[in-house]
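Undergrad: In case you want the letters, here they are:
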Amino acid sequence: MPRPYTPKVVTASDLLEGDVIYLTATDNWTRHLAEAELIEDEAHAQLRLLLAESQPNRVVGAYLAEVKPGPHGPEPTHFREAFRATGPSNYAHGKQTGL
Amino acid sequence: MYSYSDFDRAFLAERNAQFRAQVDRRLKGHLTEDEFKPLRLMNGVYLQLHAYMLRVAIPYGTLNAAQMRQLALLAEKWDKGYGHFTTRQNIQYNWPKLPDIPDMLDALGEVGLHAIQTSGNTIRNTTADHFAGAAADEIADPRPLAELIRQWSTDHPEFQFLGRKFKIAITGSPADRAVTAAHDIGLRIVEKDGELGLKVLVGGGLGRTPMIGQVLRDFLPRADLLPYLEAALSTYNLLGRRDNKYKARIKITVHENGIEEIRRLVEARFLETRAEFSGEDQRLLGQIETHFAPPAFRGGNTEAYDTAYAADPVFRAWADTNLAAHRRADHTIVSISLKTPGQTPGDATAEQMRAMAELAERYGYDELRISHEQNVILPHVHKSDLPQLHATLKQHGLATANIGLISDIIACPGMDYCALATARSIPIAQEIATRFEELKLEHDIGPMKIKISGCINACGHHHVGHIGILGLDRAGVENYQITLGGDAGPDAVIGSRAGPGFPAEEIVPAIERLVRAYLDLREDPGESFLSTYRRLGDTPFKSALYDAADRTKAA
Numbered sequence: 001m002p003r004p005y006t007p008k009v010v011t012a013s014d015l016l017e018g019d020v021i022y023l024t025a026t027d028n029w030t031r032h033l034a035e036a037e038l039i040e041d042e043a044h045a046q047l048r049l050l051l052a053e054s055q056p057n058r059v060v061g062a063y064l065a066e067v068k069p070g071p072h073g074p075e076p077t078h079f080r081e082a083f084r085a086t087g088p089s090n091y092a093h094g095k096q097t098g099l
Numbered sequence: 001m002y003s004y005s006d007f008d009r010a011f012l013a014e015r016n017a018q019f020r021a022q023v024d025r026r027l028k029g030h031l032t033e034d035e036f037k038p039l040r041l042m043n044g045v046y047l048q049l050h051a052y053m054l055r056v057a058i059p060y061g062t063l064n065a066a067q068m069r070q071l072a073l074l075a076e077k078w079d080k081g082y083g084h085f086t087t088r089q090n091i092q093y094n095w096p097k098l099p100d101i102p103d104m105l106d107a108l109g110e111v112g113l114h115a116i117q118t119s120g121n122t123i124r125n126t127t128a129d130h131f132a133g134a135a136a137d138e139i140a141d142p143r144p145l146a147e148l149i150r151q152w153s154t155d156h157p158e159f160q161f162l163g164r165k166f167k168i169a170i171t172g173s174p175a176d177r178a179v180t181a182a183h184d185i186g187l188r189i190v191e192k193d194g195e196l197g198l199k200v201l202v203g204g205g206l207g208r209t210p211m212i213g214q215v216l217r218d219f220l221p222r223a224d225l226l227p228y229l230e231a232a233l234s235t236y237n238l239l240g241r242r243d244n245k246y247k248a249r250i251k252i253t254v255h256e257n258g259i260e261e262i263r264r265l266v267e268a269r270f271l272e273t274r275a276e277f278s279g280e281d282q283r284l285l286g287q288i289e290t291h292f293a294p295p296a297f298r299g300g301n302t303e304a305y306d307t308a309y310a311a312d313p314v315f316r317a318w319a320d321t322n323l324a325a326h327r328r329a330d331h332t333i334v335s336i337s338l339k340t341p342g343q344t345p346g347d348a349t350a351e352q353m354r355a356m357a358e359l360a361e362r363y364g365y366d367e368l369r370i371s372h373e374q375n376v377i378l379p380h381v382h383k384s385d386l387p388q389l390h391a392t393l394k395q396h397g398l399a400t401a402n403i404g405l406i407s408d409i410i411a412c413p414g415m416d417y418c419a420l421a422t423a424r425s426i427p428i429a430q431e432i433a434t435r436f437e438e439l440k441l442e443h444d445i446g447p448m449k450i451k452i453s454g455c456i457n458a459c460g461h462h463h464v465g466h467i468g469i470l471g472l473d474r475a476g477v478e479n480y481q482i483t484l485g486g487d488a489g490p491d492a493v494i495g496s497r498a499g500p501g502f503p504a505e506e507i508v509p510a511i512e513r514l515v516r517a518y519l520d521l522r523e524d525p526g527e528s529f530l531s532t533y534r535r536l537g538d539t540p541f542k543s544a545l546y547d548a549a550d551r552t553k554a555a
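Chains as they are written, first to last, in the UniProt record's numbering: chain A, 1 to 99; chain B, 1 to 555.
Just a few of them, taken from the derived set where beta-carbon distance is under 8 angstroms, the chain A residues facing chain B:
| id | residue |
| --- | --- |
| 1 | 13 |
| 2 | 18 |
| 3 | 57 |
| 4 | 88 |
| 5 | 90 |
| 6 | 93 |
Treat the hints as calculated values from the structure; they're not laboratory data.
Just so we're clear, the structure is a prediction, and the values are computed from it rather than from any experiment.
We put the CB at the ideal spot given by N, CA and C, even for glycine.
The following block holds chain B by itself, in its conformation from the complex (with noise of 0.2 angstroms):
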């Protein structure tokens, strides 16, 4: 993985230096909340619900062991002994102190990890598969070229004052696990006549005007990424909209202008940005390449896998649900799930921080990956190791089998943390995980893709949940509403919404009607939900929802 250099290094130490200097004149009262709010966004640190939250990026997914366990110090020394994993591959610590902040992040700086962007109208993290590199299914690691975009993008002073926040996910594989379509700027790593490119989408986004992102380059070669992006980037800097924060991000930009109209206008840029460069990007994405060689893979027999597969049911659970095809036959790639029933999604504590950090020096060639879905993978790990590795995640309380079911669920912080939430997230989820959980019925559901925002923003990408839940202020009482069908996969929809929403008591219930629904409906165990919903409609689905006899009150 990428290790920093010393312009890197020198680099992140005088930007840390310079946000120490303002928080000390934001403290003596040198600098108003107006001033200085702008120079703490741009450094990660916002104002939440309870206190400060400090969000840090996990460059396009990627850790290694050392990273991991700067982040279980952080949590231990300057937070409450975790760390909140999110859908844009950072990580959150809710409780700091604004006059520790400085330390936490000359604390990040010593082990490569920094919070710059992952806030305010810039190109934020760039996130990509976190499978990248590991994949059977891959055709390129797309994490060299998203460390060009970080380095190209970070402190870009053409790109500091947007008129919005922009996204840019990537991923290598066709299977699209980055959730492309729903970015400002999604990229997938193509072949065409045995020469790698990119195809480009433009404009996709969830929040209030939830849209999948159109194509705006089929094939663009490799070579051309960063003139190509700084094109899009300044149409869109020029184009779009400034008069009204709803209206800023570049998928009302593609709305309002038309894609014809977008790729015409960033083609002719692009002829006078591919000029600009000279060259320079190629020769570093050509270091940084160095950095993602892959490691030296062991080889040996996989007989102990196999042994404690046969033997072992509790482990079988696991293997079934966790582990995913590695590119290699006798190498597999762990999901550990941050799901446990009735755990916060996406949080783990410093304790089991350094316990994932550990394997990953031991099992796993010092490689861990954060999912936008807010598990920790290991990337590499051989699979005689898998029953080792397997008993060690259970002594921690890492061993939930149950990635992709219906208590792996995505959830934003909701009201329980976040300033601009309408409704809490956290307890649903742990509800709708402790139920299904009670009922044991998780297995035989299968595939199942639950995600809850806790406002309209989406930041829980409930519009590409397979069931999406909103939780909104319905005249003071905390309400969620269902959306159906959504897909966040290489052909991503944007679900439907169902009918009005249900109060907090009854959205369990309700989920639990519909799960009920498909088990009777699906033509036979291997039809998924939404499969299942795309053969029949919505219709048997919402009579599940709002004609069913159990019902006790209408919304």
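Chain A extracted, bound-state conformation (with noise of 0.2 angstroms):
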């Protein structure tokens, strides 16, 4: 039996601001990871990525992230994409000042 599919978003750094951005289910692009579509199948997960890579005036350096479904929306499963999602530890200078 294949192994599961760990769910993934597409997420990548705003052209303008160099900000991290989460692409949505409805092709915009998001601030906020609990808004981000969450991509269980990995053929629809390729098909969002070249979406998102066919922005280059948008977006820069899309790319799948691992992140598991939560009560709000995806969380993330690894302590680097935590820190893409909130912001820096030291101030709140990050998103962490919106959230």
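Assemble the dimeric complex from its two separately framed chains, guided by the hints.
TA: So this is what it looks like as structure tokens:
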């Protein structure tokens, strides 16, 4: 039996501000991980990544990040993605100011 | 200090205009990211974890007050009100927006600063002893040579596409406060038979394959510096590997070919390059040297200092740790600590930058330095001005008395900012400093250099820390390895790994056990941690780390 697919989100950096953004199910970009589209199918994930990569004037360095489903939307599984979703730990200068 | 000529100003304005046009083309979609990335890197612009980052060179660590004020302006106008001073005498802004960066570069250009070659596979900012031109133990001020290297290496057509980045450091003092042995090329000013020259080290570096530089030339006449550097660089440019990024630094070239072969090739090439230099470089050096004439030191007695030293224990504690011997007895070198326990090492707010600029103007002959240890230096202060200077520093949260002590920690930005990091550095530094502040043991412990890197690239110099800490990702959890016995001084030593790493919540207790073991083991309070370690070896320290009864769980 094939291994179950680990859920993903499409994430990238915003071209203008350089901050972390996520692709939503409605083809928009959000700054909040919880609003990102939770992708549970590998083929669909590749299509969503292609969509992101087709927007070089909006996003930089799009990739698929592992997440897990949570009560309010996708949640990070790795600490790097947790920091990207919230911001640095020494100052509340990142996304944590708006969370 | 060096002030720009019309040529310099025109060059920088043109370069900034080029970059403005490149950003514009990127924003309009005329350049892809793959096309734009090398262009932005050549101008110091990275894309990091949360935002773009602009790295500005502070050439050989020297600034004047107007430049420091401009750094404050950038922090306030285009960033979040602060800047981060790095181990390579640069300042990094963590939050600029791409469309603003051309304006930031123009603002820097107004005061003779730039971000050129602070990234990319080029010759980077040449770093120098932060006490240059002031230290009592100095043979000669290395900064005129550093400025000559800056002018020669900036936009040097042959060295814009090296196999990998190339870092040069220079010291004019045998004490070597510039970690020259951990650079691609390290230069040490030496004197032989009354003549000044340079001892040239090659192939040092930290990173994933740490190596101490080897002597390429025992004594190079000063006038031969540029042709010799050109020979060394062009030898590396041809011979250095380009098949593997991790084998591309000159330290690997030296390691694989042997120092004798490298020396043979460099000396052969040097015969050619020396013939190509017409002497114009020496004429230029002569001009540059006039910019580095020492200030007109004022005289006067130092009674005010003696009185405050006797009367005020807080002033005395600060004076004992933060002052260094100046070449004039009535002056001193002041280190301003950017390491207040609990704060981010190397960060200064715009307000603090302005305060330091003001102090430099009022008491410091308009000179400031940035140290690779992420502190700010006022290199020339008359001792009688110290009580007032200290009082002003206190008002701005800049009077921490901890230079060279356990809370004076080098830490790279780590995973709080850096896209390459594998773990965080800043919170570990904050926690260690805060813990030893609580214990009130710092002054008893004495000289101690803790250096923390958040990945194997070792920007935090962990290999040459008396205690080094390396943050790694172990199966999705931050994990911290300890190295012991490193030394960044003239006889630099790479520290040895103590053993398995510790999870984040165990690293501070581990450091505390290590330090308490040292306090028990030292022969007397005058024996430093490093001396004790060298006398006893690592066994008792490993035991403190791994055998202690109060250890909660194995790593």
